[in-house]
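In this text, residue positions in the sequence shown follow numbering that gives the first Met the number 0: the first is 0, and each later residue adds one.
The hints are simulated quantities; they were obtained by calculation from the structure and are not laboratory data.
Source: prediction; values computed, not measured.
Worth double-checking, as some hints may not be accurate.
[Unchecked claim] Pairs of lysine-lysine, DSSO-like flavour, derived with a Cα cap of 27 angstroms:
| # | residue 1 | residue 2 |
| --- | --- | --- |
| 1 | Lys114 | Lys138 |
| 2 | Lys114 | Lys16 |
| 3 | Lys45 | Lys114 |
| 4 | Lys313 | Lys331 |
| 5 | Lys16 | Lys45 |
| 6 | Lys465 | Lys487 |
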Amino acid sequence: MFGPFNQQGAGELNVLKPHLQSTVFTLLDRNASQREIHRLTGVDRKTIRRYRALRADAEANSPGEVTTGPVSADGQIPPPRPPAFGASEATVSSSLARSACEPHRTWIEEQVRLKRNAQAIYQDLVDQFGFPSSYQSVKRFVRTLRHSDPEQFDRLEFLPGEEAQVDYGEGALTIDPRSGRYRRPRLFVMTLRYSRRSFRRVVWQSSQQVWAQLHEEAFRYFGGVPSYVVLDNLKEGVLKPDLYEPELNPIYSAMLAHYAVVADPARVADPNRKGCVESAIQHTQGTALAGRRFETLEAQNEFLRHWEENWASKRIHGSTRRQVEAMFQEEKPHLRPLPVAAFRIFTEVVRTVCDDTTVRVDSSYYAARPAPIGSQVVVRIYASTIEIRDRHTHALLRVHPRMAHPGSVVLPTSERPFNPSRQTAVLLASAERIGPQTRALCQQVFDTEGRPGQRAMWGIVGLSRKYPARLVEQACAHAIGNRIYRYKHVRATVERLFEQAIAQVGATPQPASPLTQDHPLIRAPAEYGDLFSRAARHDAGANGRQAEAHDDRAPATRARGACATPTSSGATSAPAASHLKLETKPHDDHAGN
Numbered sequence: 000m001f002g003p004f005n006q007q008g009a010g011e012l013n014v015l016k017p018h019l020q021s022t023v024f025t026l027l028d029r030n031a032s033q034r035e036i037h038r039l040t041g042v043d044r045k046t047i048r049r050y051r052a053l054r055a056d057a058e059a060n061s062p063g064e065v066t067t068g069p070v071s072a073d074g075q076i077p078p079p080r081p082p083a084f085g086a087s088e089a090t091v092s093s094s095l096a097r098s099a100c101e102p103h104r105t106w107i108e109e110q111v112r113l114k115r116n117a118q119a120i121y122q123d124l125v126d127q128f129g130f131p132s133s134y135q136s137v138k139r140f141v142r143t144l145r146h147s148d149p150e151q152f153d154r155l156e157f158l159p160g161e162e163a164q165v166d167y168g169e170g171a172l173t174i175d176p177r178s179g180r181y182r183r184p185r186l187f188v189m190t191l192r193y194s195r196r197s198f199r200r201v202v203w204q205s206s207q208q209v210w211a212q213l214h215e216e217a218f219r220y221f222g223g224v225p226s227y228v229v230l231d232n233l234k235e236g237v238l239k240p241d242l243y244e245p246e247l248n249p250i251y252s253a254m255l256a257h258y259a260v261v262a263d264p265a266r267v268a269d270p271n272r273k274g275c276v277e278s279a280i281q282h283t284q285g286t287a288l289a290g291r292r293f294e295t296l297e298a299q300n301e302f303l304r305h306w307e308e309n310w311a312s313k314r315i316h317g318s319t320r321r322q323v324e325a326m327f328q329e330e331k332p333h334l335r336p337l338p339v340a341a342f343r344i345f346t347e348v349v350r351t352v353c354d355d356t357t358v359r360v361d362s363s364y365y366a367a368r369p370a371p372i373g374s375q376v377v378v379r380i381y382a383s384t385i386e387i388r389d390r391h392t393h394a395l396l397r398v399h400p401r402m403a404h405p406g407s408v409v410l411p412t413s414e415r416p417f418n419p420s421r422q423t424a425v426l427l428a429s430a431e432r433i434g435p436q437t438r439a440l441c442q443q444v445f446d447t448e449g450r451p452g453q454r455a456m457w458g459i460v461g462l463s464r465k466y467p468a469r470l471v472e473q474a475c476a477h478a479i480g481n482r483i484y485r486y487k488h489v490r491a492t493v494e495r496l497f498e499q500a501i502a503q504v505g506a507t508p509q510p511a512s513p514l515t516q517d518h519p520l521i522r523a524p525a526e527y528g529d530l531f532s533r534a535a536r537h538d539a540g541a542n543g544r545q546a547e548a549h550d551d552r553a554p555a556t557r558a559r560g561a562c563a564t565p566t567s568s569g570a571t572s573a574p575a576a577s578h579l580k581l582e583t584k585p586h587d588d589h590a591g592n
């Protein structure tokens, strides 16, 4: 058993009174658990754990049997006797053999590699190997196996204007105007990585639009934009975290593209990547906002602005050992200039194209062609306009002005299917193309009969497909003059005018058109006379040869002609005789000769 320890021997150990030290060491020798020792003595478990470690160190440094000799005069434990020459290896093996788990080292190391905890390993040791010692022995042995060197981190250094880091924290207690109670708002912080200059703003609620708007305010506060923005994987910025291709929120992505900034989301559960803004949030909460309360958000934002300008930016940073404001003045020229126009905040929703080729947005309907019916499109809702985009390619399909009244329909007439109840404007436009009188008559019909009068208007306009528009115009003028606003009257008038026009065309002699006398294709009269003479001589020779060839057939021909002549009468006799004469005349002449 060990004797009591004083403060000098224990170092930073919480020194117990001698009788408590004796009690603790006695219970430790009995393999009592820390919980049991704490229950019996009231000593804190951390103190018990340190006394256990101190005893283990003393045992490791004392080969052989440890005795509890007399305590020195000043209350310290005498130093251990030096080990014998050549006994160092024996000391190590002796200290290792003191653990009851040493015979099962190989099996326990395998279980540790499987990431099993000490409790599970202890239970299997008891069930499989009949382990006689306590759970504390297994836990200490597993702890030594899992001991490793501290993880080393790289020191990240960036160029001026290269990177900014953003994140949310919690602000100071502020009265919520909705409930009248104190509540902590969300604290937005953007920190420039090079100079550590920060922008701080508190808001009650965050959203896609609020997140993008806070970035814009930070860019305007700094007077420029960095090249990269490192953010956490919160939904306002990253929809789907991924190690290789994280999917950004569309509103956030559009805002960064407007300012030519590239987002660099940190890995999941890797706060060290954006440790600069994490430290800025802790500094703000612990120094500026700790113990404070505000009546409004505006008061807290004004306090944060004042604190940043007068205290945070004037401090000497602990890592760089330079003033934050001085480094910011070096970094500011390297920030990219702000664009001329601010980013237009929008809300993005997905809508399905209805069977009338429109999409419903805020109780109004907007044309979505060329998107097919039943397909889904992306709708961006701006303050004064509506943009309809393809869901897959985000190509712009339509742009409409945003309607203020619910139930409004933005659908051009040209995109509507045929519907007689909506064709008044189309009919009047068609009548206008025929003539002013037709337009006036159709307007009078609609004013008199209303929507049922569209049928008569269709009939009047349809007359122009069959009759000349001039005649339809005259008939409409006649109907207006006689105050007869009927389709049948107009049709009868058009038909009568058309018949009169046809009759005039048949009765009017057509003037003879002058013949062309001179043309390169027209020959001289002498050439035509010579041509006719040669043709006549050729025909005469051909007729003579034909007569000689058919001389033996002449009686039959005359008999046929004699039989045909008496039976021919009336209208048919002349053609028959003429035909007969054409066939028999050459034969008769030949016979007479």
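Consistency of the hints with the structure:
no.	hint	verdict
1	Lys114 to Lys138	holds (14 angstroms)
2	Lys114 to Lys16	violated (41 angstroms)
3	Lys45 to Lys114	holds (26 angstroms)
4	Lys313 to Lys331	holds (16 angstroms)
5	Lys16 to Lys45	holds (16 angstroms)
6	Lys465 to Lys487	holds (15 angstroms)
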